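Going down the list, the sequences are from chains A and B. At position 194 of the first sequence the residue is numbered 193 (numbering that gives the first Met the number 0), and the sequence of numbers has no breaks. At position 264 of the second sequence the residue is numbered 263 (numbering that gives the first Met the number 0), and the sequence of numbers has no breaks.
The hints are simulated quantities; they were obtained by calculation from the structure and are not laboratory data. Hints are supplied without guarantee of correctness; some may be wrong.
Derived pair list, reagent style DSS-like, types lysine-lysine, alpha-carbon separation capped at 25 Å [stated by the list, open to error]:
no.: 1; chain 1: B; residue 1: Lys314; chain 2: A; residue 2: Lys429
no.: 2; chain 1: B; residue 1: Lys366; chain 2: A; residue 2: Lys429
no.: 3; chain 1: A; residue 1: Lys428; chain 2: B; residue 2: Lys314
no.: 4; chain 1: A; residue 1: Lys429; chain 2: B; residue 2: Lys342
no.: 5; chain 1: B; residue 1: Lys400; chain 2: A; residue 2: Lys434
no.: 6; chain 1: B; residue 1: Lys278; chain 2: B; residue 2: Lys362
no.: 7; chain 1: A; residue 1: Lys434; chain 2: B; residue 2: Lys314
no.: 8; chain 1: A; residue 1: Lys103; chain 2: B; residue 2: Lys366
Only a predicted model underlies this, so the values are computations on that prediction, with no experimental measurement involved.
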Amino acid sequence: MRPIASLLATAAVLASSIAAETTIIRNATILTITKGRIEKGSVLIQDGKIAEVGTTVNARSGAIVVDGTGKYLTPGIIDCHSHTAVEGNVNEGSVSDSSMVNIKDVINPLDINIYRALAGGLTVSNVLHGSANAIGGQTIVIKLRWGKTAPEMIFEGAKPGIKFALGENPKRQGYPPDFFSQGPPEPRRYPGTRMGVEEVIRESFAEAKNYQAEWKEYNDRVARGEHPIPPRKDLRLEPLVEVLEGKRYVHAHCYRADEILMLMRVADDMGFKIRTLQHVLEGYKVAKEIAAHGAGASTFSDWWSYKIEAYDATPYNAAMMMRQGVVVSLNSDSDELQRHLNLEAAKTMRYGGLTEDEALAMVTINPAKQLGIDDKVGSIEVGKSGDLVLFDQDPLSNYSKVLKVWIDGHEYFDRGKDLETRGQFEQRKKVLLDKENATPAPTNQQPANQKRGKHPNEASPTEVSR
Amino acid sequence: MKLACAVAALALPLAVVNGQTPSPVAIKDAHIFTVSGAELPKGTVVLRDGLIEDVGANVTIPADAWIIDGTGLTVCPGFIDGLSTWGIPGAAPVAGGGRPAGAPGATPAAAPAQTTPAPRSNGPEDRPQTHTYERAADLVSPSDHRLEAARAAGFTSAVTFPNQGIFEGLGAIINLAGERGRDMVIMQPIGQQVVIRPGRLSSGFPNSLMGNIAYIRQMYLDLDQYKRAREIYDAHPGGNRRPEYDHYLQALSESPRLLLPAVEEQQIDRMLAFGAELKTPFVLYGLHEGFTRVDQLKQANVPVLVSLKWPEKPKESDPADIPNYRELVLRQRAPSVPGMLSKAQVRFALYSDGIDTAPELRKAVKKAIDAGLGPADAVRALTLSVAEIYGVSDRMGSIDKGKIANLVVMRGDPFEDKTTVEYVFIDGQEMKPSKELQKEHPPGAAGAPHPSENLEGGQN
Numbered sequence: 000m001r002p003i004a005s006l007l008a009t010a011a012v013l014a015s016s017i018a019a020e021t022t023i024i025r026n027a028t029i030l031t032i033t034k035g036r037i038e039k040g041s042v043l044i045q046d047g048k049i050a051e052v053g054t055t056v057n058a059r060s061g062a063i064v065v066d067g068t069g070k071y072l073t074p075g076i077i078d079c080h081s082h083t084a085v086e087g088n089v090n091e092g093s094v095s096d097s098s099m100v101n102i103k104d105v106i107n108p109l110d111i112n113i114y115r116a117l118a119g120g121l122t123v124s125n126v127l128h129g130s131a132n133a134i135g136g137q138t139i140v141i142k143l144r145w146g147k148t149a150p151e152m153i154f155e156g157a158k159p160g161i162k163f164a165l166g167e168n169p170k171r172q173g174y175p176p177d178f179f180s181q182g183p184p185e186p187r188r189y190p191g192t193r194m195g196v197e198e199v200i201r202e203s204f205a206e207a208k209n210y211q212a213e214w215k216e217y218n219d220r221v222a223r224g225e226h227p228i229p230p231r232k233d234l235r236l237e238p239l240v241e242v243l244e245g246k247r248y249v250h251a252h253c254y255r256a257d258e259i260l261m262l263m264r265v266a267d268d269m270g271f272k273i274r275t276l277q278h279v280l281e282g283y284k285v286a287k288e289i290a291a292h293g294a295g296a297s298t299f300s301d302w303w304s305y306k307i308e309a310y311d312a313t314p315y316n317a318a319m320m321m322r323q324g325v326v327v328s329l330n331s332d333s334d335e336l337q338r339h340l341n342l343e344a345a346k347t348m349r350y351g352g353l354t355e356d357e358a359l360a361m362v363t364i365n366p367a368k369q370l371g372i373d374d375k376v377g378s379i380e381v382g383k384s385g386d387l388v389l390f391d392q393d394p395l396s397n398y399s400k401v402l403k404v405w406i407d408g409h410e411y412f413d414r415g416k417d418l419e420t421r422g423q424f425e426q427r428k429k430v431l432l433d434k435e436n437a438t439p440a441p442t443n444q445q446p447a448n449q450k451r452g453k454h455p456n457e458a459s460p461t462e463v464s465r
Numbered sequence: 000m001k002l003a004c005a006v007a008a009l010a011l012p013l014a015v016v017n018g019q020t021p022s023p024v025a026i027k028d029a030h031i032f033t034v035s036g037a038e039l040p041k042g043t044v045v046l047r048d049g050l051i052e053d054v055g056a057n058v059t060i061p062a063d064a065w066i067i068d069g070t071g072l073t074v075c076p077g078f079i080d081g082l083s084t085w086g087i088p089g090a091a092p093v094a095g096g097g098r099p100a101g102a103p104g105a106t107p108a109a110a111p112a113q114t115t116p117a118p119r120s121n122g123p124e125d126r127p128q129t130h131t132y133e134r135a136a137d138l139v140s141p142s143d144h145r146l147e148a149a150r151a152a153g154f155t156s157a158v159t160f161p162n163q164g165i166f167e168g169l170g171a172i173i174n175l176a177g178e179r180g181r182d183m184v185i186m187q188p189i190g191q192q193v194v195i196r197p198g199r200l201s202s203g204f205p206n207s208l209m210g211n212i213a214y215i216r217q218m219y220l221d222l223d224q225y226k227r228a229r230e231i232y233d234a235h236p237g238g239n240r241r242p243e244y245d246h247y248l249q250a251l252s253e254s255p256r257l258l259l260p261a262v263e264e265q266q267i268d269r270m271l272a273f274g275a276e277l278k279t280p281f282v283l284y285g286l287h288e289g290f291t292r293v294d295q296l297k298q299a300n301v302p303v304l305v306s307l308k309w310p311e312k313p314k315e316s317d318p319a320d321i322p323n324y325r326e327l328v329l330r331q332r333a334p335s336v337p338g339m340l341s342k343a344q345v346r347f348a349l350y351s352d353g354i355d356t357a358p359e360l361r362k363a364v365k366k367a368i369d370a371g372l373g374p375a376d377a378v379r380a381l382t383l384s385v386a387e388i389y390g391v392s393d394r395m396g397s398i399d400k401g402k403i404a405n406l407v408v409m410r411g412d413p414f415e416d417k418t419t420v421e422y423v424f425i426d427g428q429e430m431k432p433s434k435e436l437q438k439e440h441p442p443g444a445a446g447a448p449h450p451s452e453n454l455e456g457g458q459n
């Protein structure tokens, strides 16, 4: 217990030191998202939260004042579909239901993609398991608090989720033999059809209900003073029981209209809700049904035709679903795309004629609603977290650049400082390289192809995800 | 005379095997690292019947003793490899903590028991890659050809584990010589080693890091349930169905500690939290990036084993392949970890991590000394510290009256370039450490059968 306690203590110390910062951003164009635009406005961040927003704010002694003249201030960008900072494979694809695994266990806070995403104004990521199986692993929402430990990055109070996947990926049965390695052929796993995908989900929830009942009976017997042997705690079924009890969100990877309807039927039959449909490229065909179920839709702006089930798509998808009452977000699903989600949002103005606020909502308040964190982040309102991004010009412009990013009122990215320290960093690296090249080749060593886990500057391995 | 010498030389290995080192033995006027107490610049140690009979500056040497003049010699407790596969013939080098599958050292061993590939695992219930019940004590044999090189480096003992799967099995602390395997075992079971092995998709669950973690967590939940079910059943057999006997969990319950892999910073954090969650005593191994986590390790009060296989620039790396900054820092700073842990008084020991030639072992320790570990602390990290971490410091790890007579006698200071290992005593038997194997390029080192293989007859 002690290590945990000490970690918490460290976190508390860090949190309090951050909370002590007070920052005023003045004279900027403030895009609040939910309350319109304030020209030449100011925002005061205190104790990690937005304390005042308006044309003027009360001065505070000791506050850091940032001049926002000619610049744009937006809430931190939120990505509802990410695989960033995951150490190791994002898929436990060996089994058709891998709900026992948890992304929370493998967040790598040193993944350089976190910092690169910050440089694009991203502050919150919904880090998902891959889509290799019908029921994938447990998922977690993080704040990109670069420099902190994995537990310190977890978004406090954000409900955890679980990944589902429909269609081609989960019925792929794993890779064909010898796809990656030259090993002997091995049996593939169930399922091999879309029917099978549905059956896996139904079966798992049927098991989860039995499991729930088994524990209820055990607890009842204990309450009666009996001495029953407790059932086995099953890490695979526990999160599904949480889904049934509304304690965990379902984020379901899907493409086709028929499979979307299928999953909503299964959910209704089993008594749970789909929180978000991910990718959902044919969502425009069944938007009314999606809205009726209450699911959110998290899609791409203009990315399709990369696989057979992604052909019947349109860049108007986001706008069409939104107009029919679905809460829609645009996501990255990519360590590269996550650095410029503001530009993905801008595309909805071209395709669908969204207003600026509606477009930016797609990467701020809407994903916040989908993740159940819209009371904390997603817009510039008093009482919300001090998660803010300062752009040099309109964030919907191709030419915009992120200047500063704050999370909980603490500055996590500054473009000026970054550019300034690059030379020093290169110099430090050169010193190390020269030193290493000066020493004679060791005799005890590892072969040239050895890689040590996932490294900050190395690209992520190609994985099934989208 | 010539002939007699030749006969004597030939007879020697046999004499050793048959336990014919004269007893008692006295090493006098040597520089003695007792490790538990003060260094003796000029002391004497007496061995009798496999135990240390006496040690000190003024010790009466028994009249019948074989006397070794220790002038110019250094005596240390025999070195103990803190985590090893030594003694288990055919075991691949122990996997460095958490390295990806396919990397050297992470390859599953050509294990004695496993001849056909395991059937595809469909979840934790199939107990994939689980060898909790394997006992190192049952697998060790003096026929392991690596033992001679280890002894030539001054090692007399090792904490050895079977090397296959995620749960490797129950380790044993062994001496690196004996007539039969069972003579080598000092204490067992000493722990259960976990190796993270993200497998191939086709081999089934688990094939990811998170799958490995989920599986280990499920095993400990199952163990908890197994124990509780037994207790409840034993107290209330009427009306309850009897719980099944489970040899995977039974063996896990016998393990006094769990060894968890943690090389990089985030892995150290992760495993400190995970070990605490499992509510079992645990030890971390690997630790190359521990230079960023000294305070956390100190606070957590968890003992650690630092791998001596320092990350280095690959020999034939592509010049165009520039390593990233973190990798460069790691290569630069990893050898400073033992010194930093020592200063911070974190309980730590060193382990060979697959290095199995005498010069490489010596150089690897020297690297840590050059990076800030005191020479006496280096000796401690290979002797008493190991014994303390595994709870056997009452019988080994230092030169004290009554402890097992495991000693290394060197000419020169420990781990220095020119230092040679002159005598190695294991259970009081002198092992004639090979001078040939202490040279930089021992013959037959590169894959060829070791010359010693022909000399030793394994009887296990």
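Going down the list of hints, with the structure as the test:
Annotation: proposed proximity of Lys314 (chain B) to Lys429 (chain A) holds, straight-line Cα distance about 19 Å (limit 25 Å). Note on Lys366 (chain B) and Lys429 (chain A): the hinted pairing holds, with a Cα-Cα distance of about 22 Å set against a maximum of 25 Å. Proximity of Lys428 (chain A) to Lys314 (chain B) is assessed by CA-CA distance (about 20 Å); at most 25 Å being required, the pair is judged to hold. Between the alpha carbons of Lys429 (chain A) and Lys342 (chain B) the distance comes to roughly 30 Å, so the proposed pair goes past 25 Å and is violated.
Taking the CA atoms of Lys400 (chain B) and Lys434 (chain A), the gap is about 47 Å. The hint is violated against a cut of 25 Å. Taken as a hint, the Lys278 (chain B) and Lys362 (chain B) pair is broken in the structure, with Cα atoms around 37 Å apart against an allowance of 25 Å. For the given pair, Lys434 (chain A) sits about 15 Å from Lys314 (chain B) by alpha-carbon distance, which is consistent with the 25 Å threshold. A distance of roughly 37 Å separates the Cα atoms of Lys103 (chain A) and Lys366 (chain B); the hinted pair therefore is violated under the 25 Å criterion.
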